[in-house]
Amino acid sequence: MPVISATKDVDTLTMTFVAEFEATVERVWQIWADPRKLERWWGPPAWPATFERFEFEPGGQARYYMTGPDGTKAHGWWTITAIEAPHRLEFDDGFADENAEPIDPKDAMHDTVTIEAAGDRTRMTTVTSFSSVEQLERMVEIGVEEGMREAQNQIDELLAA
Amino acid sequence: MVVGHLSEADADRVFHALADATRRDILTTVIRSGQSVSELARQYPMSFAAVQKHVAVLERAALVSKTRRGREQIVHGEVTALRRVALLLDAYEAIWRHRADRIAGILNDD
Numbered sequence: 001m002p003v004i005s006a007t008k009d010v011d012t013l014t015m016t017f018v019a020e021f022e023a024t025v026e027r028v029w030q031i032w033a034d035p036r037k038l039e040r041w042w043g044p045p046a047w048p049a050t051f052e053r054f055e056f057e058p059g060g061q062a063r064y065y066m067t068g069p070d071g072t073k074a075h076g077w078w079t080i081t082a083i084e085a086p087h088r089l090e091f092d093d094g095f096a097d098e099n100a101e102p103i104d105p106k107d108a109m110h111d112t113v114t115i116e117a118a119g120d121r122t123r124m125t126t127v128t129s130f131s132s133v134e135q136l137e138r139m140v141e142i143g144v145e146e147g148m149r150e151a152q153n154q155i156d157e158l159l160a161a
Numbered sequence: 162m163v164v165g166h167l168s169e170a171d172a173d174r175v176f177h178a179l180a181d182a183t184r185r186d187i188l189t190t191v192i193r194s195g196q197s198v199s200e201l202a203r204q205y206p207m208s209f210a211a212v213q214k215h216v217a218v219l220e221r222a223a224l225v226s227k228t229r230r231g232r233e234q235i236v237h238g239e240v241t242a243l244r245r246v247a248l249l250l251d252a253y254e255a256i257w258r259h260r261a262d263r264i265a266g267i268l269n270d271d
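Here the protein sequences line up with chains A and B, keeping their order. Each residue of the first sequence is one higher than the last, beginning at 1 in my numbering. Each residue of the second sequence is one higher than the last, beginning at 162 in my numbering.
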């Protein structure tokens with residue numbers, strides 16, 4: 001398991017997630033910088049992501065959609081607010097309408113990604129801040145199937161042990 | 162997963178209420194056991210009226226409720242709203258756990 005810790009702050013609606021990977025800083029950076037790689041892990045397994053626009057530079061815009069099991073599309077947008085390759089990426093992430101335009105540009109989650117060497121591994125820290133409980137609820141709604149799968153995997157592991 | 166709905170206005174009241182250390186402390190106290198406002202007032206270096214105001218903020222956020230015991234009002238903790246937010250953050254953590262697993266998979270493949 002690459003996960004080191006997940007710290008949640010209920011008061012400020014923030015989650016800090018730390019994971020370590022057996023790869024160089026540059027390769028972990030590419031997971032974010034290359035939209036074809038990003039598509040392979042950003043959406044929940046049942047909601048694969050497609051990035052239609054991807055400007056990986058400060059002030060750059062990204063537009064993506066995730067396709068649900070019944071064909072429903074959930075559109076999202078990013079505005080990249082900071083990039084210091086290959087160590088730091090910050091962006092706002094919000095929900096978009098079916099024309100891929102932001103529903104409310106101020107209604108965004110904010111993500112800060114830090115990638116740094118940790119011995120012979122690479123540590124990735126992501127801090128996500130939500131601006132409302134509704135936003136968090138909607139993210140979770142999209143990821144629900146994944147959450148249930150996670151629970152199922154844990155049960156399977158316990159049974160196999 | 163069933164997560165109860167919390168409106169934005171409700172959420173604002175919860176976060177405002179929890180932003181104050183005294184109110185967090187009062188909440189922790191009354192979650193353990195219900196107390197009257199006068200019992201609470203004896204535990205804090207502030208006036209009865211100030212403690213009453215803090216309790217009122219917690220009550221508006223539905224974090225505490227009051228019941229009557231004779232002439233006194235007993236304050237009880239209501240953790241449902243807080244628990245809902247905590248559940249949501251737990252579910253969001255699951256999303257990131259899966260992402261980390263898939264990132265590890267992609268790094269191994271390439």
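Bear in mind the hints are in silico, worked out from the structure with no lab data behind them. It cannot be assumed that every hint is accurate.
Claimed, not checked - Simulated pairs of lysine to any residue, SDA-like, Cα-Cα distance not exceeding 25 Å:
| no. | chain 1 | residue 1 | chain 2 | residue 2 |
| --- | --- | --- | --- | --- |
| 1 | A | LYS8 | B | LYS214 |
| 2 | A | LYS8 | B | HIS259 |
| 3 | A | LYS8 | B | ASP186 |
| 4 | A | LYS73 | B | ARG258 |
| 5 | A | LYS8 | B | LEU248 |
| 6 | A | LYS106 | B | ALA170 |
| 7 | A | LYS8 | B | ARG185 |
| 8 | B | LYS227 | B | PRO206 |
| 9 | A | LYS8 | B | PRO206 |
| 10 | A | LYS73 | B | ASP262 |
| 11 | A | LYS8 | B | LYS227 |
| 12 | A | LYS73 | B | HIS259 |
| 13 | A | LYS73 | B | TRP257 |
| 14 | B | LYS214 | A | VAL10 |
| 15 | A | LYS8 | B | ALA170 |
| 16 | A | LYS37 | B | ARG244 |
What the hints assert, rightly or not - Negatives, chain B to chain A, calculated, CB over 12 Å:
| no. | residue |
| --- | --- |
| 17 | THR183 |
| 18 | SER194 |
| 19 | LEU201 |
| 20 | LYS214 |
| 21 | ARG221 |
| 22 | THR228 |
| 23 | GLY231 |
| 24 | GLN234 |
| 25 | GLY238 |
| 26 | ARG263 |
| 27 | ASN269 |
All residues carry an ideal CB built from backbone N, CA and C; glycine is no exception.
These are the hints, each one checked on the structure:
As the CA atoms of LYS8 (chain A) and LYS214 (chain B) are separated by approximately 29 Å, the hinted pair breaks the 25 Å bound. In summary, the hint linking LYS8 (chain A) to HIS259 (chain B) is supported, as the alpha carbons are separated by about 17 Å, within the 25 Å threshold. Restraint check for LYS8 (chain A) and ASP186 (chain B): the C-alpha separation of about 19 Å stays at or below 25 Å, so the hint holds. For the hint linking LYS73 (chain A) to ARG258 (chain B), the alpha-carbon distance of about 23 Å falls within 25 Å, and the restraint holds.
A C-alpha spacing of about 11 Å is found between LYS8 (chain A) and LEU248 (chain B), which places the hinted pair at or below 25 Å, so the restraint holds. With a CA separation close to 17 Å, the supplied pair LYS106 (chain A) and ALA170 (chain B) stays within the 25 Å bound. With a C-alpha separation of about 17 Å, the suggested pair LYS8 (chain A) and ARG185 (chain B) falls inside the 25 Å cut-off, and the hint holds. This hinted pair checks out: LYS227 (chain B) and PRO206 (chain B) have alpha carbons roughly 22 Å apart, not beyond 25 Å.
Only pairs whose Cα atoms come within 25 Å are accepted, and LYS8 (chain A) paired with PRO206 (chain B) is rejected, the gap being roughly 31 Å. Note on LYS73 (chain A) and ASP262 (chain B): the hinted pairing holds, with a Cα-Cα distance of about 24 Å set against a maximum of 25 Å. Between LYS8 (chain A) and LYS227 (chain B), the direct Cα distance comes to roughly 30 Å. Violation of the 25 Å bound is thereby established for this hinted pair. Using a Cα cut-off of 25 Å, the hinted pair LYS73 (chain A) and HIS259 (chain B) holds, with the two alpha carbons roughly 20 Å apart.
Distance hint between LYS73 (chain A) and TRP257 (chain B) is fulfilled; the C-alpha atoms sit about 21 Å from each other, no more than 25 Å. Of the pairs offered as hints, the one joining LYS214 (chain B) and VAL10 (chain A) holds, with about 23 Å between alpha carbons and a cut-off of 25 Å not exceeded. Note on LYS8 (chain A) and ALA170 (chain B): the hinted pairing holds, with a Cα-Cα distance of about 22 Å set against a maximum of 25 Å. Restraint check: the Cα-Cα separation between LYS37 (chain A) and ARG244 (chain B) comes to about 35 Å, which exceeds 25 Å; the hinted pair is violated.
For THR183 (chain B), the condition that its CB be more than 12 Å from all CB atoms of chain A holds, with the nearest at approximately 14 Å. The beta carbon of SER194 (chain B) sits about 22 Å from the closest Cβ of chain A, which is more than 12 Å, so the claim that it is off the interface holds. A cut-off of 12 Å between C-beta atoms confirms that LEU201 (chain B) is not in contact with chain A; the least separation is 21 Å. Here LYS214 (chain B) stays apart from chain A, with its beta-carbon at least about 20 Å from theirs, past the 12 Å limit.
Non-interface call for ARG221 (chain B) relative to chain A: holds, since the shortest CB-CB distance, roughly 16 Å, exceeds 12 Å. The beta carbon of THR228 (chain B) sits about 26 Å from the closest Cβ of chain A, which is more than 12 Å, so the claim that it is off the interface holds. Every CB of chain A is more than 12 Å from the CB of GLY231 (chain B) (nearest about 35 Å), matching its label as outside the interface. Its beta-carbon lying about 27 Å from the closest one in chain A, GLN234 (chain B) satisfies the requirement of being farther than 12 Å from that chain.
Listed as a non-interface residue, GLY238 (chain B) keeps its Cβ farther than 12 Å from every Cβ of chain A; the least gap is roughly 15 Å. In this structure ARG263 (chain B) is not separated from chain A by more than 12 Å, as the shortest Cβ-Cβ distance comes to only about 4 Å. Taking the minimum C-beta to C-beta distance to chain A, about 8 Å, the non-interface status of ASN269 (chain B) is violated against the 12 Å cut.
Consistency note: the structure conflicts with the earlier hints numbered 1, 9, 11, 16, 26 and 27.
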